[in-house]
Amino acid sequence: MVPVGDKSSTGSSSAAYNAAGADNPKERLKECCRKLVAFMCTQVGVGGLVVGYAVVGAFCFIQIEGQAGDAQHHAVQQLRHNCSVNVWNATNTYNVLYRDNWTRQVTDALTHFQVNLALIVKKGYDGRTTEETWSFSAALMFSLSIFTMNGYGNVVPKTMLGKSATVVYAVFGIPLYVLYFRNMGKVLAQSFRWLYTWVYQCSMEDKAGGDPYNQQLPQKSRVIVPSTACLWVLAAYVATGTVTFVTLEDWSYLDSTFFCVTSLCKIGIENFVPVGSVTDAATDHPMKLVIKFVYLLLGMGIIAMCFDLMREDVQVRVRNLKMDIGLCFEDIRLRAVAVYRRRNSFD
Amino acid sequence: MERKRSGRRYYNKRKKTWTQQCKDYLRQFIAFLFSNIGIICLVVGYTIAGAFIFIVIEGAPGNAIAVIDRVGANRSGTADRIWDMVCCNAYCEDEWKQEVQVHLRSFQSHVIEAVRNFSYEGPNKQMTRWSFSGSFLYSLSVITTIGYGNVTPRTLMGKLVTILYAIVGMPLFLLYLSNIGDILAKSFKWIYAKCCLCRNCKKRRKRMLAIQRKEQWKMDMRDFKLNTGVLTEGEESDDEGTTDGSSSLSFNDTQEVTVPILLCLFIMVGYVSGGAILFSKWESWEFFDGSYFCFISLSTIGFGDFVPGNSITGPGTETSLGTGTNPSTGTFTGFRTSSGTVIELSFILCSMYLMLGMALIAMCFNLMQQDVVMKIRTCTDILRRISRCKN
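Residue numbers (this note's numbering), protein chains in the order written: chain Z, 146 to 492; chain L, 27 to 417.
Keep in mind the hints are simulated off the structure, nothing from the lab.
C-beta: ideal position from N, C-alpha, C; glycine also.
Just so you know, not all the hints are guaranteed correct.
To be verified - Rough simulated footprint, nothing fancy, chain L against chain Z, three-plus residues with beta-carbon under 8 Å:
#1 249-258
#2 270-279
#3 291-297
#4 310-320
#5 338-350
What the hints assert, rightly or not - Derived Cβ-Cβ restraints for the label pairs, each shown as a range:
#6 L:Cys415 <-> Z:Tyr485: 51 to 61 Å
#7 Z:Leu181 <-> L:Ile408: 27 to 37 Å
#8 Z:Ile369 <-> L:Ala92: 50 to 60 Å
#9 L:Ala92 <-> Z:Trp377: 54 to 64 Å
#10 L:Cys67 <-> Z:Leu181: 48 to 58 Å
#11 L:Cys405 <-> Z:Leu321: 14 to 24 Å
#12 L:Asp50 <-> Z:Asn489: 24 to 34 Å
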């Protein structure tokens, strides 16, 4: 296990305490226990809280929205009924043998049906009843999309109560999520840095066998992870997601990449899948859902980690640059002063 | 080096000529232009460029015609199937209607897919979803990571370009947010300090007195040290720095004030409800729907069930649903042409509202963070003092 206790939270007092009783094994054990508890409370606890919050939100939204009346569905049914009545009337009034007349009439009826249907679809109807829409998996993805600020929009609340609940849910969920994001980023950054340092040192040892330069390396405890490594990690994560979703959801590679990138960037443009498979998706087995859920949450953590590491890298680089520039200016100034003095002395 | 720099600054301050001052102001102005106005222009320009790119890629007329043709073919196919049924089936009304319903259902799912995925609107209508305003909103929603999703790229190129566009655009927008948020926070703090600190002048005077006393004490100490000859060079430079800082006290004082959290929350709520009023006017939404939209947009969730300027793409939202009225297509086109200018204006205001709102939210978070940090610091100070007393 990587020692990843939250150092800022344990504070300076415990550090002093630790230093005082470092030689006592009992104290050390206690300290380890305390660190473990702190770790469980801060990292695992926050993760569990996020997952629990999502599940609770899913049940709440199913309760709220699942009860809502199905006005649009009824409207569409009514439209369909009207259309079939129209077609029947056309068949009855015209002589069936006149195909042209009949076809024109039926096409008119169908066009009318289609135009009205398009309007209803614009209002948010998607061909599903509320029971089909608010399945558990869809509700879970909905609550996840609220507090990760993704907002896919394939499932939206339609009632007033549902909308208010969404707002309240977001108000409490987003800070929680940000907390998770920060924590996860810190933990992952620390472990990744540790891993990187380890690999780096190993490779250096291999390379520089008995070099005297080798002696200095372990003392330089803090190795800065370069930005390119972070980018590689991100690219690898996106690629993994792409392959996973291609096999899991039968999307094309491009669609899958698009989904991964837009989700991880919190843009959350919904990848509209054909209507036929939407109903399938409502009833598919929970493994897919779990994989998607874990992928998104972990992905957010990895993004946070990359931010953390890259910020450090950039900071170091900027500091170096500043130092260089400062030295440069100092050099120029010294030279100018020297020249000035020399000229003065000549005069 | 530290001492030299501070000394030089001191020297400059004393002997600044008029031209130098002018130059300094000019330099500051240019820096401001590059840092803030420049970045706003950059973001707006990037969005406009993105809008044109997406129009070129996605708004090609071929796509639209293909979709319209496909829906038309499906419609005539449905009619043909019904005709086949008419010819061959028994003439029993109920059974016949049942079968027609099946065909209608498949036709319905096809239409739903066309409308939702390909933004199909009607047999004899151009698809205006990738108009300039539509694609502008699309690129804005990509770089702000709102992602409404009412308009989605359908072609391979469109998706690729969206990914690249987001990768470049999001850091740019983050830069914009942090810069503008900083500026707004500073100016808001200044205003707050001017307005609210004058009201309780007593406190302020007291604080000023305390600071002055501190300075006096420091000076005394320095004099004392100088007299006794204890003062080393390093300490002198330290003291120089502090006195240098105290000369610009009046500005620092306004920046040291923390704005209470409640005020920040109030600003956010006020902005959201103000937006709700505006949107209920422009888009003829209800007040609640407007505030819901504002909240969802400003928190960058962006479901896309309500979208600014939806009256451009979906004029049908104006008609009431489920009442059984069958508005003909003629009224829609009339509506659209009559309110063309209104739509453009409202769309520009919408995007301005969004961009300003995000910066305002960033400002509020900035201020709230400062307040919280300040409070925690005072708490720890108090705790430390208490513990020290006990010891």
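What hints, given by number in increasing order, does this structure fail? 5, 9
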